[in-house]
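Given these sequences and hints, build the entire structure.
Residue numbers (full-length UniProt numbering), protein chains in the order written: chain A, 1 to 101; chain B, 1 to 224.
Heads up, a few of these hints could be off.
Straight-line distance between alpha carbons at most 27 Å, and here's what the computed DSS-like set of lysine-lysine pairs gives [claimed, not checked]: (1) A:LYS81 - B:LYS181; (2) A:LYS34 - B:LYS100; (3) A:LYS34 - B:LYS223.
No wet-lab data here; the hints were simulated from the structure.
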Amino acid sequence: MNIYWWGVLGTSAIAFALKYIGHSIPERYLSHPKIQATNVLIPIVLLSALVGVQTFTEKTQLILDHRAAGLGVALIALFLKAPFPIVVLSAALSSALLYHL
Amino acid sequence: MAVVSNTRGLTLRDSLSVSITVGAYGAAFGAASVAAGFSVLQSCLLSLLTFSGASQFAVIGVIGAGGSALSGITTASLLGFRNGLYGLRMAPLLKIRGVKRIIGAHVTIDESTGVALSQESRGIDAMRQGFWYTGFGVFIFWNLFTLAGAFGAQAMGDPASWGLDAAVPAAFLGLVWPRLKTSVDRALAISAVAMALVLTPFLPAGLPIIATTLLALGMGLRKK
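Okay, here's the thing in structure tokens:
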């Protein structure tokens, strides 16, 4: 089994387990305000870190290339309140354009 | 009776509009997944079995960038933790057991929970309907669009040539954007980007992302 299969099956198994456990345990176990507060923050840090790493790194090196231009355009699109598909498409198009120049 | 069916119609309309819009993101996932080195089958299985957008993007993002399977799974699972808390919120509302609980748990995601909670003023039946309609609706469209996106990317070839390598971070940005409600959220987001980049030359791929969880823990656990 290669790394991709491990990724697919491991992620799927844990994703379902987390959902099912949530449906099955008494509410008091996780309703603590500190857990609730942290729960809101975790997606913010992980998704932000992914934005940075996917844009400015290649393996373990920092790098500035065409992807940064794509991200800049995505940022502008979000400021202009563009819907998600437009954000992604405009980033892809501008990055591809720079890649071919 | 007329009132009941009218409410049902409104709930169905809310659910469908969310399902189609969100489902369409599936195309971006399918394309990104194939560009990251996953096969069409693996991409579709992620959408069918993991069925949680942010987690799916995370695992293909981390592994695609050279991270280990464990790093990818860990990042995805940290993002999937919130679905557990949604389940906790939905369980007393749905009151389901056995196979129905398995199915209900599987479709417990941002959107099904969000639509269910948004129906509160229409009563508990509307909340339940909102949950199921949206859960199934997103599931159907998300998987169809994943398949389309995966085949599309396979036909394209070099991902960078089509800008797919920039589409992935743009997708993450689009996912985090609505969560940045206060200046503290924005400062946290920028800190996370900085921390992950500073750690990148020193840690194996994937770990700098997971390390930023410490920022969230530090801030969340300090809250009274």
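Results for each hint:
1. Only pairs whose Cα atoms come within 27 Å are accepted, and A:LYS81 paired with B:LYS181 is accepted, the gap being roughly 14 Å.
2. This hinted pair does not check out: A:LYS34 and B:LYS100 have alpha carbons roughly 31 Å apart, beyond 27 Å.
3. With a C-alpha separation of about 6 Å, the suggested pairing of A:LYS34 with B:LYS223 holds against the 27 Å cut-off.
Violated hints amount to a single one, hint 2; each of the other numbered hints is respected by the structure.
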